[in-house]
Amino acid sequence: MRPTSISSRVEGGAPAPRPPRGAAGDAPSARVWLSGPYVVLLLVALVVPLAHLGAISIFTHHPRLMFVAEPTLENYARLLQPYYLEVLVRTLRIGLVTTLCCMVLGVPLAYWLARCGPTALGIGLFLLVMPMMVSTVVRAFGWMIILGRNGVINQISVGLGFERWLFVMNTETAVVIALVQICLPLLVLPTLASIERIPRSLEEAAANLGASPVQLFRRVILPLAAPGIASGAVLAFLVAIGVVVTPALMGGRGSRMIGNEIYDQLITALNWPFASAMAIALIAIVLGAVIASRAAAAAAERFRREAARRRASAGGA
Amino acid sequence: MINALSRRSMLLAASGGAAALTAGGIGNAQAQAGRPFTWAATGGTWGATLDRVFVEPFARANRLQVLHAAQLESIATSKLLASCGSAPFDVTNGPQSDADLLNDARCLDALDPGVVRSLGDVYPQALEGNFYAAFNILLFGMAWNTREAAQPTSFRDLALARYRGRVAIPAYGWYGMPWLHAFNKELGGDEDNITPGIQAVADIVRRNRAVIVENADHGSRLMESGEVVIMPYWNGRTARLQAARVPAAFELVPNTVSVGSGFSIPRGSPYARQAQELVQLTLDPARQLEFTRWSLYPPSNRSVILPPELEGIRIPPGALERTARLDWKKVNDHRSRYLERWNREVLNA
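Line by line, the protein sequences are chains A and B. All residue numbers for the first sequence refer to my numbering, where the first residue is 1414 and numbers rise by one. All residue numbers for the second sequence refer to my numbering, where the first residue is 8 and numbers rise by one.
For reference, chain A alone in the conformation it holds in the complex:
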């Protein structure tokens, strides 16, 4: 059975054919010209501001001028204080827990969406993507209404004659709940695209050979969907560790994340050098996560190929 893309299933069209290699648009000079505007945008909107941020991060804070161009490493040294290390660890912990929750909820959902009919897919995608069109502030207020001390759940509980039992607001758990809702689509969409590319015939073959549904999922779907899951997980993690509003509204005083510290130093304390140092540290973590994920994906691919080669040689013998 020929695999179809999300768009082709929703719109009922056929997948777009790949252009033949060696066509005029494939020439190296054309590719350079085509990527030119993006490279310029990247330079102007990313590289130059990042370089500026890096420069400010080693300048000296001045209470009234924000910074003076006297190089110092004090801003980075300050990051090594136990308080900021604790905030950093908390940020990474919240990011990891959020990503794991997204994986547990998102991979089965992505599988179901990938294998359902076009109507269910359309509705499912709409329900998945629609919350992304609402601001995070509004979504956080929605959670406050549901999870608050006098929220809907506790009111229903009291209405049924029970005590208030849900006291999750202003805790790290509340932050994770809100972040999972924000990050879930980011994990589901790449995973869905990845699962869609797996031919159903593989599943049928595995089932015919006696694989149980769990074995099928673990030994066929998961390894083949791993690149999509990994991309989604990295996206979810990166978004989760960079948030400001959600921990401010949902978390208590003990749930501050590095985004809150950056915001406070930038806006309240007007200490741009220290805020920049924290931002650079966050960017370094993000880059590290991306590099680690790519290395893990490459290692997994090498392992898969090696296993396939061994199986093939064993079969040949």
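Source of the hints: derived by calculation from the structure; they are not laboratory data. A hint or two may mislead.
[To be verified] Stretch-level coverage of chain B by chain A, calculated; a stretch enters the list once three of its residues show a Cβ under 8 angstroms from a Cβ in chain A:
1) 73 to 82
2) 85 to 93
3) 99 to 113
4) 339 to 345
[What the hints assert, rightly or not] Restraint ranges, calculated between C-beta atoms of paired labels, are given here:
5) S90(B) / C1529(A): 49 to 57 angstroms
6) I1680(A) / V122(B): 49 to 57 angstroms
7) R1506(A) / E318(B): 26 to 34 angstroms
8) L1493(A) / P203(B): 25 to 33 angstroms
9) A1697(A) / G41(B): 16 to 24 angstroms
[To be verified] Sample of chain B residues facing chain A (criterion: CB under 7 angstroms; computed from the structure):
10) G180
11) L327
12) R351
13) L354
If you're wondering where the values come from, they're calculated on a predicted model, not measured in any experiment. A virtual CB, placed ideally from N, CA and C, is assigned to each residue, including glycine.
Fit chain B to the given chain A structure using the hints.
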């Protein structure tokens, strides 16, 4: 038809348009500035009322197009510091501490007494140097629930055991910074030694499980719901709670923080003269009274006669003298370090 337009007719149309713009009052400054007169202030009902009471009449009188750059005061301040001399705003609304910081960084123009003629009528506590004049008096004292709490005598009452779990303190990024300094003074500290204040606030958070109030609306909700029965809060906001029949009262305890809300003029504004006129309009007694009717904050102009229904918000004689004297320069110098101590010692208490 494009063919029917000659070069001559285009020139005539362009010059006619320019003449109409000038005659229509959009004016030279507007044309030179290349942008509307831009005023920075927080949004919501505060920004909307500033617009209705001050900015709209000003725009009508000066035939100016105006643009409200709605944002938190602290965000506007950081933007002004980052673009000193070529500010994106022509006036900015905020408290003394921010104006003082901007003035120290030479990012503000002085007020021109020739245009801002009402400076002499304003309470001295509402003035800051020659660059800032508040249009009302904001007192950050103690708000208390008249049914569930006793009349406070000091900020120290926040530590009383009987209020455990029912007290609140302001977030540092809201008005926690000046309040911390004011409370610190009561405890024997000063701007250079914040330790007594930090320790006392950390104690309130640890022992009495104080809620951190993120903004004025948050504070009002806490008082309305009865979740909090005593906290440092605004005089005007408490008066509005009373108007909404919430059993609340305001107490001007020793070292109450006195700030104002006023417009200052960033250096390099293409609308420098018009900005001065707007500041003057904010000091006008009739306009101040109108704003006070909505905000319930006392006007800064001493010549304003409050009507009987607003007698309750009048500043008692000698009250302003009992408020904390803060050295804003030093307060600003310690912003970053004290924020770190606040986060480490108070929020982690």
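query = Between R1506(A) and E318(B), is the Cβ distance one that fits in 26 to 34 angstroms?
reply = violated (55 angstroms)
query = In terms of beta carbon proximity below 8 angstroms, does the stretch 85 to 93 of chain B have 3 or more residues touching chain A?
reply = The restraint on the stretch 85 to 93 of chain B holds, since 3 of its residues have a Cβ under 8 angstroms from chain A and three suffice.
inquiry  = Using the nearest Cβ pair, does R351(B) come within less than 7 angstroms of chain A?
reply    = holds (4 angstroms)
key: Status of the hint placing L327(B) at chain A (closest C-beta pair under 7 angstroms)   = Since the shortest Cβ distance to chain A is 27 angstroms, the answer is violated.
message = Given the hint of 16 to 24 angstroms, is the C-beta distance from A1697(A) to G41(B) inside that range or not?
response = The hinted range 16 to 24 angstroms is violated for A1697(A) and G41(B), with Cβ atoms some 40 angstroms apart.
key: Coverage assertion for the stretch 339 to 345 of chain B with respect to chain A, Cβ distance below 8 angstroms, three residues required   = holds (count 5)
query = Are at least 3 residues of the stretch 73 to 82 of chain B within less than 8 angstroms of chain A when you compare beta carbons?
reply = Coverage by chain A holds here, the residue count being 3 at a Cβ distance below 8 angstroms.
inquiry  = Just to be sure I understand the hint, the distance between the Cβ atoms of I1680(A) and V122(B) should be within 49 to 57 angstroms; is that true here?
reply    = Violated, at about 32 angstroms.
task = May I ask you to test the hint 49 to 57 angstroms on the CB atoms belonging to S90(B) and C1529(A)?
result = holds (53 angstroms)
message = Hint validation: L354(B) versus chain A, beta carbon distance must be below 7 angstroms. Holds or violated?
response = holds (4 angstroms)
inquiry  = Verify this for me: three or more residues of the stretch 99 to 113 of chain B with a beta carbon less than 8 angstroms from a beta carbon of chain A.
reply    = Answer holds; 3 residues pass the 8 angstroms Cβ test.
request  = Evaluate the given range 25 to 33 angstroms for the C-beta pair formed by L1493(A) and P203(B).
outcome  = holds (28 angstroms)
The earlier numbered hints that this structure contradicts are 6, 7, 9 and 11.
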